[in-house]
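Each chain, letter by letter, is given below.
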Amino acid sequence: MLGMMRKDLCLLLQRSRAMLMMAGVGIIIGFSTDGSFMIGYLTMISAILTIGTISYDEFDNGYLFLLTLPVTRRSYVTAKYIFCFLGDLVGWAAASVIYAGCCLAKGAGLGMEQLAAALVFLPVVGLMSAVMLPLQLKYGAEKSRLALAVLFGGIGVLGALGMKLFPGLPDTLRAFPEISGAALGVAALGAVVAAVALSYWISLGIMEKKEL
Amino acid sequence: MITVKNLTKHYGDFCLNVSLEIPEGRITGLVGKNGAGKSTVIKSILGLIRPDGGTVTVLGKDAADLTPGDKQLIGAALSDSGFSNYLTVRDCAKILEKLYGRFDAKAFLDTCARYGLPENKQIQKFSTGMKAKLRVLVALSHQAKLLIMDEPTAGMDVEARNEILDIIRSYLAEAEDRSVLITSHIATDLEGLCDDIYLIHNGSILLHEDTDVILSDYAVLKVPQQDYPRLDKTYILGQRQEPFGCLCLTNQKQFYMENYPGMVIEKCGIDDLILGMTGGK
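Chains P and X supply the protein sequences, listed in that same order. Positions 1 to 212 (the numbering used here) are the ones given, in order, by the first sequence. Positions 1 to 281 (the numbering used here) are the ones given, in order, by the second sequence.
There may be inaccurate statements among the hints.
Covered stretches of chain X (in silico footprint by chain P; criterion: 3 or more residues with CB under 8 Å from a CB of chain P, positions within the stretch not fixed) [said to hold, decoys possible]: (1) 28-35; (2) 60-72; (3) 76-82; (4) 98-105.
Only pairs whose alpha carbons sit at most 30 Å apart, straight line, appear in this in silico DSS-like list of lysine-lysine [as the list claims (entries may be wrong)]: (5) X/LYS94 <-> P/LYS210; (6) X/LYS145 <-> X/LYS61; (7) X/LYS267 <-> P/LYS138; (8) X/LYS145 <-> X/LYS33; (9) X/LYS267 <-> P/LYS210; (10) X/LYS61 <-> X/LYS121; (11) X/LYS233 <-> X/LYS222; (12) P/LYS209 <-> X/LYS253; (13) P/LYS209 <-> X/LYS61; (14) P/LYS210 <-> X/LYS98; (15) P/LYS143 <-> X/LYS145; (16) X/LYS5 <-> P/LYS143; (17) X/LYS5 <-> P/LYS209; (18) P/LYS210 <-> X/LYS222; (19) P/LYS209 <-> X/LYS233; (20) X/LYS253 <-> X/LYS267; (21) X/LYS61 <-> P/LYS210; (22) P/LYS210 <-> X/LYS33; (23) X/LYS5 <-> P/LYS210; (24) P/LYS138 <-> X/LYS94; (25) P/LYS209 <-> P/LYS138; (26) X/LYS131 <-> X/LYS94; (27) X/LYS131 <-> P/LYS138; (28) X/LYS94 <-> X/LYS5; (29) P/LYS138 <-> X/LYS61; (30) X/LYS267 <-> X/LYS121.
Hint data in this document are derived by calculation from the structure and do not stem from the laboratory. Even glycine gets a Cβ: it sits at the ideal position worked out from N, Cα and C.
Take the sequences, apply the hints, and build the full model.
Structural data, given as structure tokens:
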């Protein structure tokens with residue numbers, strides 16, 4: 001498993017120039033905007049880069065060779081998930097540090113508000129990775145983009161259909177008592193953990209069934 | 001080391017149905033034309049595809065149940081698959097170091113340098129021969145007891161092919177208990193390397209014979225059309241029509257030399273064997 005993670009790190013480092021460029025763009029965004037959009041931008045970029053290592057494995061019958069090494073299909077998936085989620089975390093942490101630096105440089109203070117703004121992106125990128133990983137493993141780099149578009153299109157259609165079928169739904173949701181930030185955080189964390197567990201289980205199934 | 005019993009696998013119209021055995025310390029060649037089923041056999045042995053039927057036992061275990069610990073004892077080189085082209089030899093060493101307990105990074109890098117593989121150049125910038133050498137050196141890098149090599153010399157010129165075969169020979173000379181299964185459609189590559197040969201055609205094993213026996217007892221008979229009816233066909237394994245008459249393959253060279261003194265009888269190589277047994281031209 002460590003070997004697979006080392007491979008992914010080597011592949012990621014091949015794109016170190018692109019990563020530095022993205023960080024530069026992030027700093028420019030950080031200085032030119034007031035919000036925390038930059039954290040979301042850099043965290044998403046790091047997620048896309050780490051998940052992108054799957055396309056290197058897939059290219060030129062790579063899976064075939066990788067699975068002749070002391071690696072099982074299960075350990076390949078486990079290593080990929082650990083690497084991608086660690087990558088998300090490192091990307092988020094780096095983006096948060098740059099964001100904090102930008103805030104301090106602009107003379108704005110750092111407090112709970114900024115921390116909350118940064119933390120919001122963690123479950124979002126976690127969910128994104130949970131969705132993209134099995135899609136990329138199943139369909140490969142090219143087709144997974146199409147599958148992602150179909151998936152989000154489907155969610156949009158279902159949402160629109162729901163609003164049409166239940167027109168009173170937004171008012172019902174607004175009638176709920178206000179939920180505290182901590183409760184919302186715990187709920188988000190729970191949702192992400194459940195989504196990642198489901199995603200991992202699906203990815204294991206995809207790899208186990210993959211004919212090479 | 002490897003036992004394959006009644007392995008079946010279907011791909012559309014193609015049906016693989018083979019049995020073979022590779023004992024310890026043996027170098028076995030699997031030869032056949034393109035599309036004969038060689039790579040499917042290799043993939044089944046490595047547990048990369050699931051057979052439709054039969055059993056594949058590797059190192060005493062079902063191929064599908066091989067653990068990372070078992071795979072430490074196997075070195076594989078596949079013709080069309082290897083480390084990502086974006087990596088360098090140095091990267092490969094770092095990865096292999098994490099994967100194999102008996103991998104020696106310094107020895108690996110030294111060997112790569114000796115065979116002209118630059119340490120810090122991306123694999124995508126390597127020539128076909130350099131990529132093939134790297135695949136073989138990776139397979140030999142961790143003292144594997146079982147080597148499985150699928151077309152390790154495919155697409156290479158004769159000099160590069162000989163170099164690769166020499167690398168494999170040197171590796172085998174280091175320990176007697178090492179076994180090899182090697183496939184190739186360039187049969188001459190295997191004549192000087194293998195102890196025995198399996199010939200596969202259209203998914204079936206047509207012949208299994210010791211290489212020495214093939215080279216000493218097998219022969220190609222060039223039989224003129226008018227002599228063909230009088231030829232004793234008891235020991236004829238295969239034949240095909242040629243402009244001069246009939247080209248026959250036999251495994252009893254001595255019999256025809258003694259009984260047909262005027263006949264043109266030529267030494268049989270593995271290429272002749274493939275053509276003779278599969279009816280090719």
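Here is what the structure says about each hint:
Counting residues of the stretch 28-35 of chain X whose CB lies closer than 8 Å to any CB of chain P gives 0, which falls below the minimum of 3, so the coverage claim is violated. Coverage of the stretch 60-72 of chain X by chain P holds. Counting CB-CB distances below 8 Å, 5 residues qualify, and the rule asks for three or more. Under a criterion of three residues with beta carbons nearer than 8 Å to beta carbons of chain P, the stated coverage of the stretch 76-82 of chain X is upheld, 5 such residues being counted. With a cut-off of 8 Å between beta carbons, the stretch 98-105 of chain X has 3 residues touching chain P; three or more are needed, and the interface restraint holds.
Straight-line distance between C-alpha atoms of X/LYS94 and P/LYS210 comes to about 27 Å, which keeps the hinted pair within the 30 Å bound. This hinted pair checks out: X/LYS145 and X/LYS61 have alpha carbons roughly 15 Å apart, not beyond 30 Å. Taking the CA atoms of X/LYS267 and P/LYS138, the gap is about 52 Å. The hint is violated against a cut of 30 Å. For the suggested pair X/LYS145 and X/LYS33, the alpha carbons sit about 28 Å apart, so the restraint of at most 30 Å is met.
For the hint linking X/LYS267 to P/LYS210, the alpha-carbon distance of about 46 Å lies beyond 30 Å, and the restraint is violated. Our distance criterion of 30 Å between C-alpha atoms is broken by X/LYS61 and X/LYS121, whose separation comes to about 39 Å. With a C-alpha separation of about 13 Å, the suggested pair X/LYS233 and X/LYS222 falls inside the 30 Å cut-off, and the hint holds. Straight-line distance between C-alpha atoms of P/LYS209 and X/LYS253 comes to about 50 Å, which puts the hinted pair past the 30 Å bound.
Only pairs whose Cα atoms come within 30 Å are accepted, and P/LYS209 paired with X/LYS61 is accepted, the gap being roughly 21 Å. At roughly 25 Å between alpha-carbon atoms, P/LYS210 and X/LYS98 fall within 30 Å of each other, so this suggested pair holds. Simply put, P/LYS143 and X/LYS145 have alpha-carbon atoms about 40 Å apart, too far for the 30 Å limit, and the pair is violated. As the CA atoms of X/LYS5 and P/LYS143 are separated by approximately 38 Å, the hinted pair breaks the 30 Å bound.
A distance of roughly 23 Å separates the Cα atoms of X/LYS5 and P/LYS209; the hinted pair therefore holds under the 30 Å criterion. The hinted pair formed by P/LYS210 and X/LYS222 fails the criterion: a straight-line CA distance of about 49 Å is larger than 30 Å. As the CA atoms of P/LYS209 and X/LYS233 are separated by approximately 50 Å, the hinted pair breaks the 30 Å bound. Using a Cα cut-off of 30 Å, the hinted pair X/LYS253 and X/LYS267 holds, with the two alpha carbons roughly 9 Å apart.
Between X/LYS61 and P/LYS210 the CA atoms are separated by roughly 21 Å; this keeps the pair inside 30 Å, and the hint holds. A C-alpha spacing of about 27 Å is found between P/LYS210 and X/LYS33, which places the hinted pair at or below 30 Å, so the restraint holds. Straight-line distance between C-alpha atoms of X/LYS5 and P/LYS210 comes to about 24 Å, which keeps the hinted pair within the 30 Å bound. Distance hint between P/LYS138 and X/LYS94 is fulfilled; the C-alpha atoms sit about 28 Å from each other, no more than 30 Å.
At most 30 Å may separate the alpha-carbon atoms for a hinted pair to count; P/LYS209 and P/LYS138 meet this at roughly 10 Å. Distance restraint check for X/LYS131 and X/LYS94: the Cα-Cα separation of roughly 18 Å lies within the 30 Å cut-off, and the hinted pair is therefore satisfied. Under the criterion of a C-alpha separation no larger than 30 Å, the hint pairing X/LYS131 with P/LYS138 is consistent with the structure, at around 28 Å. Between X/LYS94 and X/LYS5 the alpha-carbon distance is near 38 Å, which puts this suggested pair outside the 30 Å criterion.
Note on P/LYS138 and X/LYS61: the hinted pairing holds, with a Cα-Cα distance of about 29 Å set against a maximum of 30 Å. Annotation: proposed proximity of X/LYS267 to X/LYS121 is violated, straight-line Cα distance about 46 Å (limit 30 Å).
In terms of the numbered hints stated before, the structure departs from hints 1, 7, 9, 10, 12, 15, 16, 18, 19, 28, 30, listed from lowest to highest.
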